[in-house]
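Undergrad: What follows is each chain in one-letter form.
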Amino acid sequence: MSIRTRLLQAAAIAGLIPLAAPAFAGDITFWTWRQEDRAAYTELFNDFTKLNPDIHVKFESFAAENYNTIASTALAAGRGGDVLQARAYGGLEVFAKTGYYLPLDTTNVPELANLPAEALAAETLRADGRVYALPYASQTLGLFINKDVFAKAGLTPPETFDELLTVGKALKEKGITPIANGTATAWMDEVFAGIFTAPFLGPDFVADILAGRATFADPRYVAALGKLLELKDLMPQGYTGIDYPTGQQLFLSGRAAIFAGGSFEIANFRKQNPKINMDFVAPLAATKGGARYVAKFFDGGYAVNAKSPNQADALKLVRFMGTKAYGDKFAALLGNISPIKGVTLEDPLLSKVATLNAVSIPYIMAVYFRFDTPTGSELLSGGVQKMFAGNITPAQIGADVTAGISRYYEPFQKK
Amino acid sequence: MRSVSPLWLAFLLAPAALTMLVFVAWPLLGAFRYAFFDFNGLATAGFAGLHNFTDVLFEPPWSAWTFQALRHNIVVFAALMIVQNGLAYLIAFALLKALPGHRLHQVIVFLPVVLSAVIVGFLWKLLLHPLFGVVNALLAAIHIQGPPWLGDAETALPSIILANLWHWTGFPALIFLAAMQRIPAETLEAARLDGATDGVLLRRIIWPLVAPAATIIFTLTFIGSFNWFELPYVMAGLSGAPGGATDVLGLYFYRTAFGSVSSGLQDFGHGSALAVLMFAFLAAVSSVALRLLRRREVDIG
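The listed protein sequences correspond, in order, to chains Y and P. According to our numbering, the first sequence is numbered sequentially starting from 697. According to our numbering, the second sequence is numbered sequentially starting from 851.
Derived by calculation from the structure, the hints in this document are not laboratory data. Among the clues, some could well be false.
One-sided excerpt, in silico: chain P residues whose CB lies under 10 Å from chain Y [to be verified]:
id, residue
1, 908
2, 910
3, 912
4, 978
5, 979
6, 1006
7, 1008
8, 1114
Note that beta-carbon positions come from the ideal geometry of N, C-alpha and C, so glycine has one too.
Given these sequences and hints, build the entire structure.
TA: Dropping the structure here:
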């Protein structure tokens, strides 16, 4: 044995030479930040392998808060999963602009035709108009109602904002916290604002913002934000110090009657308290009989790694993920609404959410103002948090948000 | 003395030098380079000149966030410097007296230091919880309605500083104690015979003699309070809740560069500019401070 071979052997044993076994042909990896969805995805991937016996999918997950950093580092080095869970809107663009994702169209993924245009828009890079991921879920923001708590208190859930104020008072007298949410977790403040303001704003306001006819300093927006302050008395004691997990627990344990949140909570709430008797309703009408708009957005999509050596197999998986069969099972296993056309939602609560989507407005900051920094989301959530802590007025939030967004949004620059 | 071949010296130094170069110098230079570029997504897109720097320093809303964070770092530094180090100095003196049970107390004082900041942050977050927290439960027992400590703009930062105090006081205390124990017993006895009280002893005799220890503690306190991250991250979140009342440079940099998952975007240009500014500020102030502190050691030593 030559010295050279021996050195090589020693180096290999010492682990200096990575002896990474080349992935077997037909093995692809799926990267996600949803560790908790492993069982569901394993089942979905087994279905895929039944149809494509020579392709096996490996599920690899990373902590949600580090996923962007890990995925971008791996992709920059020409590695990473073959199929990657991608975010939507601005979060998608960061990756798509850099060229990390393979552009999708009806030639490489004919199943894109199964998806509605607004879902595809969430996964489209605005600069080139191409789709970079196959959308997997839409989310709806509204109110969770603990039906047992209302029944026990002998009260009916409110339908208008003013009814909430009176019903809330009655609940409080019976020792029940009317609204479970606190304001300590910043991103939930955007959700909270998105829910209660939606019926006060309506689609006209959104259209005005997009056309540049109005800014967030508009009296309608400022008045809607001001409405939030009327809810102070209905929130838990010390609400500025109550974070998102505490709010969830207050609702799940029946100590609070209403939780303002998104349809993404449904599966998690059921898992944490299987006995909970809950309903999901649209945000409360501004006036009796007024429209109750839910705020809606798309969550993310499945993208193909542009540098994947297994692109053909990866595309096969994404095509499978765009079929009705996948959408049906995805909704059943993960409790989320798949945007694929004609999907059957077995879960009654989920199918109710889908009907609520008929009267919706976009979740405005996420859908339109999360593409550049400072994002509308960070400006709004920080502002709402400050407002609840008593430091600024709704008008100041409106002005701050408008000023921040006008750094990159031309229609606001003329104002 | 035998002469050593420079080649041999270089060979011996190489591993350490290489490690420093690859893992310290190169990333620093990388961040430095990024600070001068525009970003298109995650890739550089053309030279940006100084505008990342001018943005974070002079353009709202970034400038407001930068100076708010800096102001909070200064408050943290002042509080830790005076309260934490002052307390540590007094505790060290009490331990020096070797009263009965001092060994046990020494362990108790140092114990929190070994805990991870994440655990300490979580623990204090629970203690200060407005509904389930022990602190407000105790206050309620004497009929005081405690505030939501971490939710009020006025109490949030002091609460996190308090947690830091609980966590770290043992460390400077131990360093002061070690320094005090190195003072010759005769010196202290002579002062006592001359009628020095504890107060005089602390101010006139011990203080100058522990100057080298103070230098280390002051420098570490300075660096620690300007790189403050774990505790505010765990207790107030990435946005420095409520509404930036606990925002510090570390959180602000992280949030800008890596993006908070549910509301921000990765922005390496501005993030790197912040990192470079923080580095320059820390390096400049600590080198000047170190020189002054060393001179002080000589002057009063």
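Undergrad: Could you check the structure against the hints above and give me the numbers of any it violates, in ascending order?
TA: 1 and 7
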